[in-house]
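Colleague: Chain by chain, the residues run as shown.
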Amino acid sequence: MAHVVGTSARRKEGPEKLAGHARYVDDYRIPGCLHGVTLRSSIARGRIRRLVQDPGFAWDEFVVATAADIPGQNVVSLIEQDQPLLAASEVRHALEPIALVAHADRARAYEALAHIQVEYEPLEAVLLPEQSEQVFESFLIERGDVAAGLAEADLVVEGEYSLPHQEQAYIENNGAACWFEADGTLVVLASMQCPYYVHKAMKPIFDLPGHKVRVIQAVTGGGFGGKEEYPNLIAGHAALLARKAGRPVKIIYDRHEDMLATTKRHPARIHHRTGVKRDGRLVAQDIEILMDGGAYVTLSPVVLSRGTLHATGPYDCPNVRIRSRVVATNTPPNGAFRGFGAPQTLFAAELHMERVAEAIGLDSVAIRRKNVLRVGGVLAVGQVLHESVGAEAALQRCVKLSHFKDKRREYARWNWRNDLPTWRGIGLALVHHGSGFTGSGEVYLASKATVALTRAGEIRVLSASTEFGQGTNTMFAQLAADSLGVPFEWISVETPDTSRVPDSGPTVASRTCMVVGRLVRSAALKLRNALLREHGHVPHTLRRLRKAALKLCGDDLERHFEAQYERPAGMQWDDETYRGDAYEAYSYAAVAVDLEVDKATWEVKLAHVTSVQDIGTPINPLLAEGQVVGGTAQALGYALLEAPVYKEGVMLNAQLTNYIIPTALDTPEMEIAFVEAPYSNGPFGAKGVGELPMDAPPPAVAAAIHNATGLWITELPILPERLAAADRRRQTPRARR
Amino acid sequence: MRRRTGLLELRVNGKPVRFGGPPFTRLLDVLREELGLTGTKEGCGEGECGACSVLLDGRPVNSCLIPVCQAAGRRIETVESLGTPASLNVLQQAFLNQGGAQCGICTPGMLMTAWAYVRGGGSSDPAAIRRELAGNLCRCTGYQHIVNSVISAVRSRRRSLAKKRSAPKRAPVRRRRPAARPRARRR
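For the record, the sequence lines run as chains X and C.
For the record, in the first sequence the residue sitting at position 337 is 337 according to the numbering used here, with numbers rising by one throughout.
For the record, in the second sequence the residue sitting at position 32 is 32 according to the numbering used here, with numbers rising by one throughout.
Honestly, the hints are just simulated from the structure, not real lab data.
Only a predicted model underlies this, so the values are computations on that prediction, with no experimental measurement involved.
Certain hints may be false.
Per the computed footprint, the stretches of chain C lying under chain X, defined by three or more beta-carbons under 8 Å from a beta-carbon of chain X, are [what the hints assert, rightly or not]:
1. 48-58
2. 104-118
3. 130-143
Note that beta-carbon positions come from the ideal geometry of N, C-alpha and C, so glycine has one too.
Please construct the entire structure, taking both the sequences and the accompanying hints into account.
Modeller: In structure tokens, the structure reads:
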């Protein structure tokens with residue numbers, strides 16, 4: 001049997017997508033369906049006095065729903081129960097949903113919104129996190145003695161870093177269609193990452209037991225975290241209208257509404273104080289993190305947690321103190337976005353490392369090699385890394401592939417010349433990213449996955465892990481095929497439908513391959529054992545498989561083989577002290593960015609990116625590379641282009657016209673390589689890949705810009721105007737060094 | 001072009017189609033809602049993302065910016081005119097082999113823009129391909145695998161054209177600069 005793990009098997013659902021046959025939520029024609037639209041708050045904070053519907057308007061054509069129509073609790077359940085489905089008495093952020101309108105004609109539905117007046121009693125809004133007094137969550141992580149470490153240091157380097165919102169900008173906007181079946185079952189068909197989050201959120205709103213809620217994932221046009229928790233809200237809205245209308249209701253956001261109202265990456269301010277010895281050894285890292293959570297808790301505590309746990313960078317420093325908090329502001333809630341807090345803290349950590357290197361007179365590579373995590377290394381939470389640490393290997397490979405040292409020399413000569421129109425620079429960054437939920441998160445999730453054998457001899461993978469471009473379907477089919485020892489083509493992967501699939505947890509946190517993939521493998525092995533018992537061997541032909549299936553299924557249509565998460569032996573975590581094994585395993589990446597800065601316009605032109613990752617064994621190298629290139633492009637947008645502008649808690653440039661994401665011309669050619677440090681508990685040695693590529697490019701860009709211009713730009717995005725301003729602040733070029 | 005019937009007449013994927021609604025209906029809505037051709041997607045509704053790209057007389061346009069009356073009497077091609085899942089065309093097959101599609105939402109528009117380029121004899125130079133695709137946003141792939149897909153399709157098509165001519169000597173491939181695109185390129 002030829003093995004399929006480790007090969008670039010073709011995307012399972014690829015042909016459907018390529019022929020335009022794949023059905024996204026807006027592609028479903030649902031008979032009798034109405035279109036829902038949302039009335040939103042025009043102020044950032046205030047009490048709602050009353051809602052007035054224009055008496056001269058033909059309201060009998062429309063279905064209108066407010067908080068008063070909610071049969072159960074007015075709450076969007078997530079970590080906390082603080083966010084209402086519809087604001088009833090107060091609004092805490094601009095664009096907060098207040099009322100819903102449905103009509104068979106979408107344009108008519110929008111028209112109605114102008115005929116509802118909301119009377120507010122405005123209250124003073126808190127728009128900046130520094131001014132907030134409401135803390136959603138805070139953490140303190142300590143290792144060793146920071147004061148002693150700083151005292152012992154030969155040099156202490158301080159730095160302040162600032163990161164903006166970032167929009168996920170999936171190309172398919174959020175959307176959901178909902179209806180009630182004759183038996184009262186609520187059906188949600190939506191673009192989403194986490195069917196069981198939606199399932200959990202619908203129950204209290206409609207006061208329904210679990211078996212009366214059915215959530216189906218439509219083909220989903222990108223997520224990046226933006227469809228992790230937000231679908232709870234939009235599905236709740238569509239379902240509320242559907243309940244009142246007695247007909248199916250679809251809500252599809254347009255781009256403007258999606259960018260204005262849905263979650264974004266948390267803005268952050270991060271302060272570093274680092275003690276270093278003359279030889280480059282880190283002896284103290286004192287880090288403070290402040291994140292802006294927006295108006296409701298959503299996922300902020302976990303975003304902060306991941307950000308905090310990655311704040312040191314992939315280094316082994318004996319004395320660490322990290323103090324972090326995420327606070328409330330009267331702005332639309334921030335939420336999940338690929339990387340989940342880590343891109344913010346790793347930007348600060350890695351750019352700061354460059355400044356430490358410069359201060360102590362070491363180069364970028366030497367200081368990292370001096371401190372990098374290796375097997376046996378210890379993290380700030382006390383976690384000892386026992387295996388699968390490819391950080392140094394990734395760094396070395398990246399330095400070599402990018403010709404880092406030669407380029408540094410070459411560019412020094414280039415930048416010395418006054419007759420050239422540009423400066424050139426190359427910079428690098430090294431990061432780690434934990435796979436799976438933090439700490440005991442996976443234990444609480446207790447995820448399940450199933451491999452089913454039908455009487456007809458089909459082998460089906462059943463899980464709640466969604467496909468939204470990353471390659472879940474293909475990768476699961478590869479894992480199941482090799483675990484069973486059957487051809488890849490024999491395996492099909494079902495689209496998540498909560499009436500069919502077990503709860504595999506959410507499709508987030510770089511957990512699908514390593515955590516759920518391991519369950520798929522275990523379930524497939526159970527089926528294999530059953531086949532061996534019944535049949536003596538795994539059938540080699542479909543005809544024989546069908547025969548074996550008839551025997552194994554008995555009178556049932558299909559037989560299920562299920563596996564459930566078990567914490568790997570030896571892994572420990574204490575939620576109280578926040579110490580222990582924060583993640584089962586970490587993936588690592590080293591990235592070098594090669595760029596040019598125009599001396600007249602300060603425009604940055606990316607020349608080349610080299611990215612080397614240790615993700616354990618890549619199950620499907622082509623798909624894994626797709627994750628890396630795509631994540632890198634998104635990270636380069638974060639670094640250089642994506643500049644959300646806010647005024648009074650509202651995003652002013654909520655359009656793709658002026659919120660610029662990278663095009664094919666903004667994205668440079670990339671060289672991607674893998675160094676494999678397999679993880680013994682990962683399926684076939686795999687670790688997570690999804691979020692890792694988001695972490696390293698921004699600090700590598702900032703380091704390259706420093707190499708080119710001598711300017712430290714500590715705030716993203718690095719726009720030409722920001723570079724020009726930093727240059728104006730610098731009195732005489734390079735005089736202070 | 002209104003004929004005697006008072007209806008707008010278009011040619012969509014080779015078939016004559018009549019449309020009787022308001023002449024300023026977006027071509028995108030006519031394709032998706034009237035004709036059920038939901039392969040064409042809406043991403044932004046303002047001509048920035050290119051997810052709704054279709055070919056109008058062989059050239060890529062954003063169908064969210066084209067009123068249907070402007071398409072009257074003209075040839076429209078959508079993703080449905082390429083291959084089916086069971087029989088992908090050369091470009092679709094290249095996207096499958098090279099990882100050019102991930103979430104798939106930008107894919108139909110990307111394919112149409114790329115198809116105009118490949119069919120028009122575009123070169124396999126990555127820089128030229130990137131310029132051509134600059135009006136189609138993709139948030140998943142970082143474009144590299146899309147560019148690779150187009151390069152591969154250009155080469156396969158050249159090979160198959162050369163084979164078709166089956167001349168004793170290898171037929172020279174006709175190269176033509178692709179027609180200028182009717183929409184602004186970003187950045």
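Colleague: All hints, please: hold or fail.
Modeller: These are the hints, each one checked on the structure:
no. : hint    : verdict
1   : 48-58   : holds (count 3)
2   : 104-118 : holds (count 6)
3   : 130-143 : holds (count 13)
Checked against the numbered hints above, the structure violates none of them.
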